[in-house]
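Use these hints to put chains B and C onto chain A, whose structure you have.
Here is what each chain is made of, one letter per residue.
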Amino acid sequence: MVNPDTATKPNAGNSNPAAPDSMEDRRGMNTRKLEVRDLSVHYSGNTVLSEVTLDVWENEIFGIIGPANAGKTSFLKCINRMNTFTDNMEVGGQILFSGMDIHQLKNVYALRSRIGVVFPLPVGLPLTIYENVALAPRLKGISDKTELNIIVERCLTRAALWDEVKDRLNSLGSLLSGGQQQRLTIARALSQDPDLLMLDEFSIAVDPVTTMRIEEVLKELRSEMTIILVTNLVQQARRLADRTAFFLDGKCVEVGETEALFEGNVEDPRTRDYIEGKFG
Amino acid sequence: MERTSPAQPTAAEFDRRNLDWYIDKLVQILVFIGGISAIVFIIGIFAFVTIEGAGFLLDDFSFKEFFLSPFWEPSDEDAPEYGILALVAGTASVTGLAMIVAIPFSLGAAIFIGEFATGRTRESLKVLVELLAAIPSVVWGFIGLTIMNPLIIDLFDVPVGLNVLNAGVILGLMAAPIMTSIAEDALKAVPDRYREAAEALGATQWEVIFKTVLPAAKNGLLGAVLLGVGRGFGETMAVLMATGHSVNIPDSLFDPVRALTATIAAELGETAVGSDHYQVLFTIGIFLFLVTFVINLTADLIVRGIRDQ
Amino acid sequence: MFEETELIARNKRIQGLYRTLLMMVTILLVLPVLVILATLVYKGGSIISMEFLFTDPVDGMTAGGIFPALFGTVWLVTLALLISVPLGVAAAIYLSEYAANNWFTRLINLAIINLAGVPSIVHALFGVGAFVIFFKFGTSILAASMTLAIMTLPVVIVATKESLQSVPYAFREACWNMGATRWQTVRRIVLPNAVSGILTGVILEVSRTTGETAPIMFTGAAFFLPFLPESIFDQTMALSLHLFVVATQVPGVPDALPYGVALVLISMVLLMNSLSIAFRIYLRNQKKW
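Top to bottom, those sequences are chains A, B and C. Here this note's numbering is used: the first residue of the first sequence is 2, the next is one more, and so on. Here this note's numbering is used: the first residue of the second sequence is 3, the next is one more, and so on. Here this note's numbering is used: the first residue of the third sequence is -5, the next is one more, and so on.
These are calculated hints, taken from the structure and not from any lab test. Be a bit skeptical, because a hint or two may be false.
[What the hints assert, rightly or not] Selected chain C positions facing chain B (in silico; Cβ < 8 Å): (1) 93; (2) 94; (3) 108; (4) 111; (5) 144; (6) 176; (7) 177; (8) 208; (9) 234.
[Claimed, not checked] Keeping only pairs whose Cα atoms sit at most 16 Å apart, straight-line, the calculated EDC-like set for lysine to aspartate or glutamate is: (10) 252/A x 39/A; (11) 220/B x 156/B; (12) 282/C x 132/A; (13) 252/A x 264/A; (14) 252/A x 56/A; (15) 107/A x 17/B; (16) 6/C x 26/B; (17) 146/A x 164/A; (18) 6/C x 201/B; (19) 167/A x 154/A; (20) 107/A x 26/B; (21) 190/B x 159/B.
[Claimed, not checked] Distance ranges between label pairs, derived from CB positions: (22) 217/B x 95/A: 45 to 55 Å; (23) 91/A x 25/B: 20 to 30 Å; (24) 88/A x 35/C: 47 to 57 Å; (25) 72/C x 32/B: 16 to 26 Å.
As the structure is a computational prediction, the values presented were derived from the model and not from experiment. In this text, a Cβ means the ideal position worked out from N, Cα and C, and glycines have one as well.
The shape of chain A in the complex, shown without the other chains (with noise of 0.2 Å):
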């Protein structure tokens, strides 16, 4: 097994060195994550996506909101080439993560684990909830027991799940209920040690105390990786989004600060009636 972390060669220098650099878009230390240029989405013929440009930061949660068919799951699904597992999906446009050309990759596998995924609805897979967890290390070539169990409990307690299962780490993991599955794929999402975690309408399938335990954990995250948050309620993206893109009808309508997007200071007069609930 390869172990990622070996033979690493001292830094060869990214494949896109000649990003622009426009200091008034910097904020802080902080570099770009993601740069998204001009991405659209056809699925055989139709278009879900077009022109969509907007840059993530590092260590920042993106928020993304939007009525539904805006595209937004589309998006996430470019970002980590899924869209290669997709029958008829087309994609044009580019993305950078890391600085790296996202279609030039020679390993796609690599760069989807960097990338943490969390879906709508739960997906337990059918191992123990332990094997859930351990499942992406052991992808990664960690065989080692201990090291294993130590992934293992730091994901659970961090999703908030180890206290509810720590005495049950061999039952299935796809026989837990809702919201215990979403936290355990939460766990899962962070076994792989993403750089980049993304969320997709996580609460839907998840009770309110729940939702605000999972909220309270992705805080806590910002400091250690990016977080690409989609959401269907708008106040969910308030409460932990430091800067919120809108999305409808396959366009990205504007991005801005949170706050001050909420308080009304749009480019867009649609952003605010969105936001206020007058449609959606």
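Same frame as chain A, but now just chains B and C:
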């Protein structure tokens, strides 16, 4: 040279093709070979059977004699004649009777199992149908020989019970289970809202079935019948043992006949490799292959048609 | 009001009539299984003994046991499985996990359907042309097994594909999102949850292969051999062909003998099938998600 904090990984650090990447590619190639094997085999079957029959096909093949002559006299040393008309008649008569037996039975059973039976009854019936489908054709032939034969002699007062009737019934019983399964699938494919809509209009269950479900499932049912025909057409051992195996264009159910498949099975062992007779048997094989190919293709198109709707 | 109830009662009667009629048709359809089994047991049961199973036929196959045939069938089936299971599972994994939804995949599916529909005697001709003559295996266990393997390949492919596809797509997506390759996903999630379904299909294939007669008649099975095969290039006797031979080709066979052979054959086949069915029902009750 080990970095502990991957806080800002660069392309060179993780965009490397590792062992798992290569294993995945390798597996992809291996399973692809498995996938195309089916195509290779189908082409191979056609190619090899054609090659073995080629000599006859190119030199002596006369469409008129082959298909229209009722005389199958391969062992006539002076003037062997290779007409398959009687053999086609044998196969057709047996298959035709088999369908007359199998269609009502399999359709009835499919309706009962799919629409009326519930719970344990339904499960047991399905298991029995499956077991029926599993009985090997040589055992069916043996049944024709040992059970049906004396039964037909007794019932109809005929001298020999190995004939169209015997083989047709046997073949019908053989084809019925597979037809039942496919017909039941076709019924299952009819959306429940059809049934609910008809029931909401006050139709009784049998009205729902006969006026709504059956018409909606008719393509699938047709596909089931076609597959049954294909089955009967290609069946070998049972018709070899139960038809009486004599070259004959039948006038009645009680005439013995001989089928295309059975002819190959009975005579291939006695022919010299490469002889005319040997090549003619392979030519019959090509004919069988093409006919079943067309039948299966048609059935598949029809069945797929309903699935795609 | 009165007339309405009359109508309902009439409908109920008609409904009951249809039900009874269809039930009788169904029973008539499945009855032969039981009748055949009963007849075979009644007429052939007496001859079955350890000696019958484990001794050679003697006196021109009019007496003695069926051991060489039984032995040969086991050989043929085992070898056929060794060929068709890896190939069939690979094909199913390709179709279910790797293949795109395009014309080429449809072509493969079409080939599988037709492979299943080609008459068994045509498979025999293919076996003769390809394995016996072209590849020069001669009439041998190898040629016969390969013919059987190709013939029953669709059984493995279809069963495997079905059980692979019964594993929900969401599990695959979850794995892929974690950076698993397709193969890692198949090996860690899909296969472990499909392996019992595949096994069900394999048992079914064993049953099918055991009963096949026509494909082995000219490729490797012999009417009678006074010795057991020593390698895969030898000919062998086989149970299914032995039934054909003692039932039609040999004069002076005592009545019970072919019934006994048929009983052994059908017992093996139905046993395998029942096992496969039982296994499937057991699996259906083992919900993992």
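Going through the hints against the structure:
no.: 1; hint: 93; result: 7 Å, holds
no.: 2; hint: 94; result: 12 Å, violated
no.: 3; hint: 108; result: 5 Å, holds
no.: 4; hint: 111; result: 4 Å, holds
no.: 5; hint: 144; result: 5 Å, holds
no.: 6; hint: 176; result: 6 Å, holds
no.: 7; hint: 177; result: 4 Å, holds
no.: 8; hint: 208; result: 4 Å, holds
no.: 9; hint: 234; result: 5 Å, holds
no.: 10; hint: 252/A x 39/A; result: 10 Å, holds
no.: 11; hint: 220/B x 156/B; result: 39 Å, violated
no.: 12; hint: 282/C x 132/A; result: 14 Å, holds
no.: 13; hint: 252/A x 264/A; result: 22 Å, violated
no.: 14; hint: 252/A x 56/A; result: 15 Å, holds
no.: 15; hint: 107/A x 17/B; result: 6 Å, holds
no.: 16; hint: 6/C x 26/B; result: 61 Å, violated
no.: 17; hint: 146/A x 164/A; result: 21 Å, violated
no.: 18; hint: 6/C x 201/B; result: 14 Å, holds
no.: 19; hint: 167/A x 154/A; result: 8 Å, holds
no.: 20; hint: 107/A x 26/B; result: 14 Å, holds
no.: 21; hint: 190/B x 159/B; result: 44 Å, violated
no.: 22; hint: 217/B x 95/A: 45 to 55 Å; result: 54 Å, holds
no.: 23; hint: 91/A x 25/B: 20 to 30 Å; result: 29 Å, holds
no.: 24; hint: 88/A x 35/C: 47 to 57 Å; result: 54 Å, holds
no.: 25; hint: 72/C x 32/B: 16 to 26 Å; result: 23 Å, holds
This entry does not satisfy hints 2, 11, 13, 16, 17 and 21, going by the numbered hints stated previously.
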